[in-house]
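Now for the letters of each chain:
Number of protein chains: 2
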Amino acid sequence: MSSAPLDELIASLGDQMVVTDPDILAGYRHDRANDPDAGTPMALIRPVTTADVQVVVRWCAAHGIPVITRGAGTSLSGGATAVDGAVMLSTEKMRNLTIDTATRTAVSQPGLLNAEVKAAAAAHGLWYPPDPSSFEICSIGGNVATNAGGLCCVKYGVTTDYVLGLEVVLADGRAIRIGGKQLKDSAGLSLTKLFVGSEGLLGIVTEVTLRLLPPQASACTVVGTFASVHHASEAVLAITAKIRPAMLEFMDSVSINAVEDMLKMGLDREAGALLVAQSDAPGPAGIAEVELIEKAFSGCGATEVFATSDPAEGEAFTAARRAAIPAVERLGSLLLEDVGVPLPALPELIDGVEAIAAQNKVMISVIAHAGDGNTHPLIVFDPADADESARAQTAFGQVMDLAIGLGGTITGEHGVGRLKKGWLPDQLGPDVMELTARIKAALDPEGLLNPGVLL
Amino acid sequence: MSSAPLDELIASLGDQMVVTDPDILAGYRHDRANDPDAGTPMALIRPVTTADVQVVVRWCAAHGIPVITRGAGTSLSGGATAVDGAVMLSTEKMRNLTIDTATRTAVSQPGLLNAEVKAAAAAHGLWYPPDPSSFEICSIGGNVATNAGGLCCVKYGVTTDYVLGLEVVLADGRAIRIGGKQLKDSAGLSLTKLFVGSEGLLGIVTEVTLRLLPPQASACTVVGTFASVHHASEAVLAITAKIRPAMLEFMDSVSINAVEDMLKMGLDREAGALLVAQSDAPGPAGIAEVELIEKAFSGCGATEVFATSDPAEGEAFTAARRAAIPAVERLGSLLLEDVGVPLPALPELIDGVEAIAAQNKVMISVIAHAGDGNTHPLIVFDPADADESARAQTAFGQVMDLAIGLGGTITGEHGVGRLKKGWLPDQLGPDVMELTARIKAALDPEGLLNPGVLL
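Line by line, the protein sequences are chains A and Z.
According to the working numbering, the residues represented by the first sequence are 15 to 469, in order.
According to the working numbering, the residues represented by the second sequence are 15 to 469, in order.
Hints listed in this document are in silico derivations from the structure and should not be mistaken for laboratory results.
Don't take every hint at face value.
If chains are identical, the list can't say which one is meant, so a pair holds when it fits in one copy or spans any two.
[Stated by the list, open to error] Capping the alpha-carbon separation at 30 Å, the derived lysine-lysine pairs in BS3-like fashion look like this:
| hint | residue 1 | residue 2 |
| --- | --- | --- |
| 1 | K375 | K107 |
| 2 | K454 | K169 |
| 3 | K309 | K435 |
| 4 | K309 | K107 |
| 5 | K278 | K375 |
| 6 | K107 | K454 |
| 7 | K278 | K454 |
| 8 | K107 | K256 |
| 9 | K256 | K169 |
| 10 | K278 | K256 |
| 11 | K435 | K375 |
| 12 | K309 | K454 |
| 13 | K309 | K256 |
| 14 | K169 | K107 |
| 15 | K278 | K107 |
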C-alpha cells in the first residue's frame, strides 16, 4: 500500500481525523466477537460530519480500498472486525442528537450510544424503546446496522420499527436522505427498511430519525424459579399464547450462578432456570396479566413465584439478566449464539442445546429473550485448549443447524457478521443468497463496503 | 401478438385459468383510480397455486410479455391498471388461509380480503390490526404491495409491521421464501421489508405470514365538532403531543354532509370539521386518555364534545368516517389524494389544501388519518367538464407539491402507482430515484413486472 494516497486524505480531513499509529489501530482490530483472524486496518478514520464520510468513501472508491464501518465495536458476530489494508471508519465522533418533541422524533448521528438516545428522549418525557442488553455500550448506528433487539422487543418491537428516516452515504460517496419525520410513507421502495439490518454492506448510515413514544407505564415484575429449563420454556408458551408481556426473559442455572457470583444478589443457586416477566399494562389489565403470568409459572411447575410492583426490585432482576453475558464470560471465552425459532419450538431448541452441550462435552449456558423465541446459548471454552476450542466450534455450528431445522434463524438480533456467514446459505437457500448478492452488487458494485460480512 | 404462445400457456394451465373473453377482460382494465388511459390486457390469468404463478411468470419472461399483478382492484393510485398487451395476473383465486394459534400467525395467500383475514383471526380470539377504510373490499396481497395503513395504524402500525414472512415469485419464475414464523430475524438483508410496499415491481407475493395480536381491548370513542378545519387540526396536535390514541380521524364539512346524505345518522351539518378519537387503554389509563382528548377538543374550540364507551355508538362514527370516500364519490368523480406530513405541519397542510381548492375553483373534501399526519384530500370534478377536469388535475399536483414542500410524502398508504409517479422524483430526488432504478434492474432486468408503476 503506497502512503501517497493516504497523505491526500490527511490533506482533505486533517491529521486529527486520520489515525495510523499502530498502537491505536490495534485497539480497533477486534469487536466483541474477538475473532482471532481479525486483520489490521491501514488507517482509522474518525469523521465528524456526513461530508467527512463522503470524502472518505470517495477516496476509498477511487483507490479500491475497503471500508469497515464501526460503531461502538460491540458486535458479537464480527460485524465490525478489521480487514487487512482496509480503512476502519469509526462513527464515535458523530455525536449530534436532537430531540423534536413536536414530531416525537430523535435525529441522531450514528455515534451516540443507545443509552444516550434513551436518556435524551427521557429528558423530554419521551421513550426510545429498543433496549439491547448492551444498551449502555452499543451505538445507535450499530443498532441500525444489525436491526438490534432487546428485552422490551417482545411487546415493543425491534430497531426497524422505530426508524422513520435515514441519511446514508452510498458506495460512490453520494449522500441520500430517505424517509423522514412523517409517520407513514408509501412513496417508492421501502429503502429505509432495506438499509436497517444491512450490516454496513449497502451504505454508511450517517443520520437516523427515530420514532419516540410516550413514556412506558411502570411495570410489575414476576420472577419464576424452575427445576428445569424445560419447565421454564413450557411456561413461556403458556404466557405467550395468551398475552404480549412487556418482557419475558430466561436464564439457566449456569447463568444464574455466574450472575450470583458477580452480583451476590441472592439468586437461588439450586434453580434449574429462572424466568423474569414484566407487565406494563395499566390498572386492572396489568393485574390480570400478572395473575396470568403467576398462574402460568405455577402451572408449569415453578418452585417459587415472586411478584413485585416495586420498580427498583424489578430493575434488579432485569439487571441480573443483562449481566448474564459478562458474568458467564468470566468462566471462559465465549462463542455467543443468537438463534431464534417460532415460539412453539422453543422447548425443543432449549432441550436440543442441552444435548449438543453433552454430546460435545462443552459448557453451554442459555439465556434468552424467551418471549419472542430468541435465545443466546453461550458456549464457554478455554482458547488455550485446542481440543475444547474445536468442540466449541462444532457445538456453535450444531446450534445453528438445530435452529434452522426448527424453522428458525441463525440470528435474531446480532446480525450475521463474519462469524455466522457460513451458515447463512443453509438458512436462506441459494436463491435468496443470489438475490442478496444481486442487491449488494447493485448498490456496491466494487464490493468495498464491509467485505467479508454476510456474503 | 401471435396467439400461438398463449395456446402454450393454456395447455399448461388449462383454459379455466386463462381468460381471453373481451367482455371479461374489460372488467379488469381499471382499478378504483379509473384511469381513462387504462390499456387492454392480452389475457387475464387467475392462478390458484404458487406453481401456477411460476408458470405464468416463466412464460411471460420467455416471450417478453409484461405482467400486472392485481389483488381486488381497489388501488386508488393506479397500481393495478391494465397495460396494452400485458398479462393481467389476478390473485382472486389464491385463497388459502391458515391461522396458527401457537405462533399467533396467519399464513395467507394474497387473494383473501383484509376483512377475511381479520375475521379468521377473530374466530381464534386473535386480531390482525391493519384496517384500511376499504378493508371489506381490498385484498391482503394488495395491502402488502402498498404497505397499506388504516385507522388503527396511529397506534398499531401499518402492514409492514405485521409481515413476518413472504413467499415471492421472482421475475425469472423462481419462488423464494423469506422470513417465517420467528418473531425476530436479523439473518441477511431485510428482504421481507423490501418486498412490502414494492407495488408489484420486484416480484409477485404468493403467500404472506402475518403476525397476529391478542384481541384489542374495547375502546372509548370521543367525537369533537369544530367550527373550522384549522381548529380541528390544532386539536390533533394537542392530543398527539401527549398520547398515542388508538384512532384519531378527521372529516371536513363536505365529507360530513356527504356522509349524512348517505347514512342519515344525525351528523351536525353545520360543523366545519369533525374529529373521531378512540382510546383502548384499559382502566384508569383509558379514563385519563379520554379526559385528555376531551380537554384537547374543548381547549381548541370544539363546539361539541361527545364521549361514549358503547362499542356500537363508537363503531357508528368509525363507519361514518369510512363511508366518506364512497359518500363524496356521489358528488362527482374523484382525484384521491393521500399526502402526509410530519404532524406539526398538519394545520398548514389542511389550510393549504383549502387555498388550493379556492385558487383552482374546485371542491376538495379533506378526510384524514389525522393522528399520523396522513390526509386524503378528495378532489371532486365532473369528467364531462374539460375545464374543471383540468383544474382538478392542477390541484392534484399542487397538493402533492404542498406536501413535499412541508417535508412530507405524496403517499402515506396508497402507493405511487401510475397516477403519482410524475411527482415521485420531486419527493425522493434524483439519487434515490436512481437507487430505486438500480434495485428494480437487479431484480427485474427485463422490466416485465408491473411496468409503468413508480418508475
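Against the structure, the hints come out as follows:
no.	hint	in the structure
1	K375 with K107	neither (44 Å within a copy, 54 Å between copies)
2	K454 with K169	neither (32 Å within a copy, 34 Å between copies)
3	K309 with K435	neither (41 Å within a copy, 55 Å between copies)
4	K309 with K107	neither (49 Å within a copy, 44 Å between copies)
5	K278 with K375	within (28 Å within a copy, 76 Å between copies)
6	K107 with K454	within (27 Å within a copy, 35 Å between copies)
7	K278 with K454	neither (48 Å within a copy, 57 Å between copies)
8	K107 with K256	neither (45 Å within a copy, 33 Å between copies)
9	K256 with K169	both (13 Å within a copy, 21 Å between copies)
10	K278 with K256	neither (34 Å within a copy, 41 Å between copies)
11	K435 with K375	within (25 Å within a copy, 61 Å between copies)
12	K309 with K454	neither (49 Å within a copy, 52 Å between copies)
13	K309 with K256	within (12 Å within a copy, 35 Å between copies)
14	K169 with K107	neither (33 Å within a copy, 35 Å between copies)
15	K278 with K107	neither (37 Å within a copy, 62 Å between copies)
Taken one by one, the earlier hints fail for this structure at numbers 1, 2, 3, 4, 7, 8, 10, 12, 14 and 15, listed in ascending order.
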